[in-house]
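Peer 1: Listed below, chain by chain, are the residues.
Protein chains: 2
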Amino acid sequence: MSLSRSNNHSEYPALGLSVEDAVTYPRIAIESVAPVLEEGRFAAKGVEGQRTMVSAVVFTDGHDKLAVNLRWRRLNDETWHAVPMEFLGNDHWQAPIRPEQPGKILYAIEAWRDLYASFYDELEKKYRAGVPITLELQEGEQLIRDAAQAAQPEYAVVLEQLITQMDEAHALDQRLAFFLAPETLASMREAGIRSHHQISRSYPLEVERQLAQFASWYELFPRSVTSDSSRHGTFRDVMGRLPEISRMGFDVLYFPPIHPIGRTHRKGPNNSLIASESDPGSPYAIGSPEGGHEAIHPELGSLDDFLELVRQSRAHGLEIALDFAIQCSPDHPWIEEHPGWFSWRPDGSIRHAENPPKKYEDIVNVDFYQKDAVPDLWLALRDVVLGWVERGVTLFRVDNPHTKPLPFWEWLIADIRKDHPEVIFLAEAFTKPAMMARLGKVGYSQSYTYFTWRNTKYELESYFTELNQPPWRDCYRPNFFVNTPDINPQFLHHSGRPGFLIRAALATMGSGLWGMYSGFEICESAPVPGKEEYLDSEKYEIRPRDFNAPGNIVAEISRLNLIRRQNPGLQTHLGFQGYTAWNDNILYFGKRTKDLSNFILVAISLDPHNAQEAHFDLPLWEFGLPDDAHMHGEDLMTGHTWTWYGKTQWMRIEPWHMPFGIWRIRPVA
Amino acid sequence: MSLSRSNNHSEYPALGLSVEDAVTYPRIAIESVAPVLEEGRFAAKGVEGQRTMVSAVVFTDGHDKLAVNLRWRRLNDETWHAVPMEFLGNDHWQAPIRPEQPGKILYAIEAWRDLYASFYDELEKKYRAGVPITLELQEGEQLIRDAAQAAQPEYAVVLEQLITQMDEAHALDQRLAFFLAPETLASMREAGIRSHHQISRSYPLEVERQLAQFASWYELFPRSVTSDSSRHGTFRDVMGRLPEISRMGFDVLYFPPIHPIGRTHRKGPNNSLIASESDPGSPYAIGSPEGGHEAIHPELGSLDDFLELVRQSRAHGLEIALDFAIQCSPDHPWIEEHPGWFSWRPDGSIRHAENPPKKYEDIVNVDFYQKDAVPDLWLALRDVVLGWVERGVTLFRVDNPHTKPLPFWEWLIADIRKDHPEVIFLAEAFTKPAMMARLGKVGYSQSYTYFTWRNTKYELESYFTELNQPPWRDCYRPNFFVNTPDINPQFLHHSGRPGFLIRAALATMGSGLWGMYSGFEICESAPVPGKEEYLDSEKYEIRPRDFNAPGNIVAEISRLNLIRRQNPGLQTHLGFQGYTAWNDNILYFGKRTKDLSNFILVAISLDPHNAQEAHFDLPLWEFGLPDDAHMHGEDLMTGHTWTWYGKTQWMRIEPWHMPFGIWRIRPVA
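In the order they appear, the protein sequences are chains U and B. In this text, residue positions in the first sequence follow the numbering used here: the first is 600, and each later residue adds one. In this text, residue positions in the second sequence follow the numbering used here: the first is 600, and each later residue adds one.
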């Protein structure tokens, strides 16, 4: 296929607007292409096996018909595919891409004036109106002969056939039938002269595997997998927990850093400045004489133990996620080996991490733009990640990525994915929205969110809605962690068990991605007074737990994860729609696949203490049904089924039984 | 000022992302720059003497301080101006451009890590916390010495002074005072090393004179300025009407085409296919043996008459707008002189304008992309416009621009404005939204709108709101014509006089630009039955009128135009805000200048037949006032003044008196 003219007039013509330029400028306008991030500077996100709908506004002067194609190719394959775009009216066009494997794709919009389609339209109108059409038929013939004369080799045969058919049609009605045949129209769309052909710039789409969009993360400290806080848990101990984690329906098992822990300025219990000899230290103080980011903390086990854990996890349907925290303890080997990767002060001391006036003396940060660090540090960090990938790690939770340079992430993630497109990166950034979105743009598969601080109906509905809209929709996959070692949410401090069920339902139903830090399932919530931190935080201690403790919510979490696996509408944060329930304590929304074949209604009381009631709308209109229609309903937590009659319904939620309802609805056959 | 690095990584790096590239990629993100149209391919609109607010989202990794400048220059002047942008929080920055004359401007956003500002911030915090700062002071000294060593010549002096001051400050408190002086901070912002300096691409802004945004248009057919339909009105007759048009408060006097009218297939009264010898024909059938688009219809007068009319109009504060309708009658001289500018059919006949199956045999269209037409036709059309500009015409209402190529308009408008930035183009496009907006993008100063078809409160409020939002806000100035020779709005067919007042109020208050076609002021509304066309349309006949006919609304229109002149808040469609009035028949909104010094409330009943009443909100909150505050009110139609107490107020509108209220409000001093 020949591409006659690229739309590369992306710069304002300003002073240089000559008539010679103007007559060659694109006559067809291609606007509002989506999904596009930052003018195509970054790739929008897609998922293998799932449809990404590409849309554009395409128009030209006058009334002539346009032909519009979506063209796409895999980045590492020069073959372009062309798909006719569907005309939606009002100059809007769309066509889907459904990539079959992870990797990068480029797409573009091409358009041209389809002269035969314009002719066809006029001919048909005039014929119907009984207007003479002799001249028109001559013009149609000329369009076909002109095309044959100008044809690219690939269209020569089809045009030859058209001319043969045309020449064999002598009587007026035969000729009319030929010119008005849909086949003639279709052949000429492809083979006709592509008048004022034009193609947009190419836009990137990064396709990841499904786990990037749909996964349930379980976080634990391996050292706490022990029955006794005086005995350090190991990878072998973790193997013993795999069956129960798998049974709860999790896909990803995530560990905080597993590397040797520094001794200098080691933190004691509750972040105290003084540690005793027996305190294990924070795993975020990475590096000791035993090694740095590439090494394993000796007390956890050997590399072989780790490799065995990776293997056994896979056998249980779990993939391992590691923490990638670039900071170093003062004992990290790099400090001696590569002093040029760090910042030094006028007195020759190393610069510690600071949040003035606070100073973190157990942590030093690398400096990405020191002369000696460019590019050696960058390559070394890449090699750390690559090393773990080669050991079977396919997911990385990245600590504080917003404090490292954006170009570093853009390069590192692309570089890893060149050979390992399956690798998933989760950004642990809690900062302002622009940076949160930008980390998704530079390549992060998924991201921590503001979820833990969204509690009211207004906050939650606004936030879920916002994440369904550009730019978030195209660059940011939210992973709703209900808690983390750093976040013991205020809401849970006094909510009791129903509060944990509420937050679990919000997370599992709100996004395809959610995460839980161990202890949540037994409703741990004791805070450092007045803070949203855990008392006796596991970051500084070994914390054995009894996961069968009374009041645990293991069964409910298992059920929620099962419902997610069985319902594609719940396997993404997209497809969210808030609906009306007349009670500000009840969040009520729908999640559905685009074809409506899987349609889930979710009602979650935000009040863990009292019963709440509400009239609510059954969204019959989404199925094109009248307000008095009826639908099948099924409670996915209990399996109970019924028929709902009419649009207005009523609910009562008693948090001491179950603070939410999850209902699949189906039109009556 | 040195610009260290341009942000020209506008293409997706795709396969070529090497670490060597990545380390040079912009560390600072510059996003969401506004106003920007199509990635900067087209110029946003500004007005001379008025502020255009430029905004951007600018951020980087970590916690270091940024310095952000707006840089701008006139297109024909290489000198860049730099203005520090104001930090609004949440990574948002803004700064105004206030251009003093029409013409094109380029602007860009530059940013760098302001190392001294980060140092300053840390030093201050540590000093306040009583933390030792000896090392910090050494670091501050180093920042200044490094800057002096690297300084551009223009900063050498200021850095020398800083070093002198620093060296003279020996005692700790003196040194502290020096480093924490706001003057030191400010000097170092400019003269310090601009770490990771980066500049966005340049975005264009087209500045026009105020008449592009604020003008009242009056349209008449000069041939109808006569007391007798058998006597053709002339330019000299029009001179006689100038005082009354001026007294009504209009700025622009607009004529349909004034060129020689074709005879072949001339249309008779009410668009009939047969014209008698005495029928004047449609002025849109342009061209006869007497001349084409550059000529004057002989019955209107001579070129000297026209020039005299331009002069006299100016003396009355009026500028002349001409119609630029590119179509030709079959008698247009170009058809013989330049057959290659037209389309010809297989039988050698010329192609007429068509809307199949309808054919317009009194009209032929030029073909912009015929071989012989490129670029000769384009240049000839430009010369037509230029010729009228040289005769004193400063405004053009362009007929059906959406049926001519967009690149043609982009070139023509820019080419005319190169020497005549004062020329204003009004697009008469009634088509789909994307094209309406695009015509603004390619350079049209202002545009016809959907206003005549927006009648209900919901329609009007939605439409006015939409025009205040991107992209419309930045590319499209709506000219609300209440009627045109082609549009006799349905609403007026049975509304009586109150309906005309309603539409006049909506137009004059809704936008800085409005237009009226003569006859509106005497409430003409007789339609061709069932159509929104005027019966006995002036397009095909000479139509003398008595403008003092009983029931005329000349006084009301004059007052509305006067109110517009006296209130800057009404001199643009921007600054619209709908407010609550509890009646779906009353549109209620505010218009205000950005500084709130001119704040107008407008309530318009949309019911021309019955009284309407409503409680409504007095927007005290816009002034930061509590709900029980009071404000001065002034009725701008009557001059009546009062005090309003409290947020909730009540109104009654009786259309037989006046179907609207226009109130200026002011906080009590």
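The hints are simulated quantities; they were obtained by calculation from the structure and are not laboratory data. As the structure is a prediction and not an experimental result, all values here were calculated from the model. Heads up, some of the hints might be wrong.
Identical copies carry no separate label here, and so any pair may be met within one copy or between two of them.
Claimed, not checked - Here are the computed lysine-lysine pairs in the DSS-like style, where the Cα-Cα straight-line distance is at most 30 Å:
| no. | residue 1 | residue 2 |
| --- | --- | --- |
| 1 | Lys1130 | Lys664 |
| 2 | Lys1246 | Lys1056 |
| 3 | Lys1130 | Lys1003 |
| 4 | Lys1017 | Lys970 |
| 5 | Lys970 | Lys1056 |
| 6 | Lys1056 | Lys664 |
| 7 | Lys1193 | Lys958 |
| 8 | Lys970 | Lys1193 |
| 9 | Lys1056 | Lys958 |
| 10 | Lys1017 | Lys724 |
Peer 1: All the hints need checking, so say for each whether the structure fits it.
Peer 2: Hint check:
1. Lys1130 to Lys664: For Lys1130 and Lys664, the Cα distance is within 30 Å only across copies (28 Å; inside one copy 64 Å).
2. Lys1246 to Lys1056: Both: 22 Å inside a copy, 28 Å across copies.
3. Lys1130 to Lys1003: within (27 Å within a copy, 66 Å between copies)
4. Lys1017 to Lys970: Classified as within: same-chain Cα gap 27 Å, cross-chain 49 Å, threshold 30 Å.
5. Lys970 to Lys1056: For Lys970 and Lys1056, the Cα distance exceeds 30 Å both inside one copy (51 Å) and across copies (64 Å).
6. Lys1056 to Lys664: neither (48 Å within a copy, 36 Å between copies)
7. Lys1193 to Lys958: neither (51 Å within a copy, 45 Å between copies)
8. Lys970 to Lys1193: Neither. Shortest intra-copy (51 Å) and inter-copy (49 Å) distances fail the 30 Å Cα cut-off.
9. Lys1056 to Lys958: Neither, since 39 Å and 60 Å both go past 30 Å.
10. Lys1017 to Lys724: neither (55 Å within a copy, 45 Å between copies)
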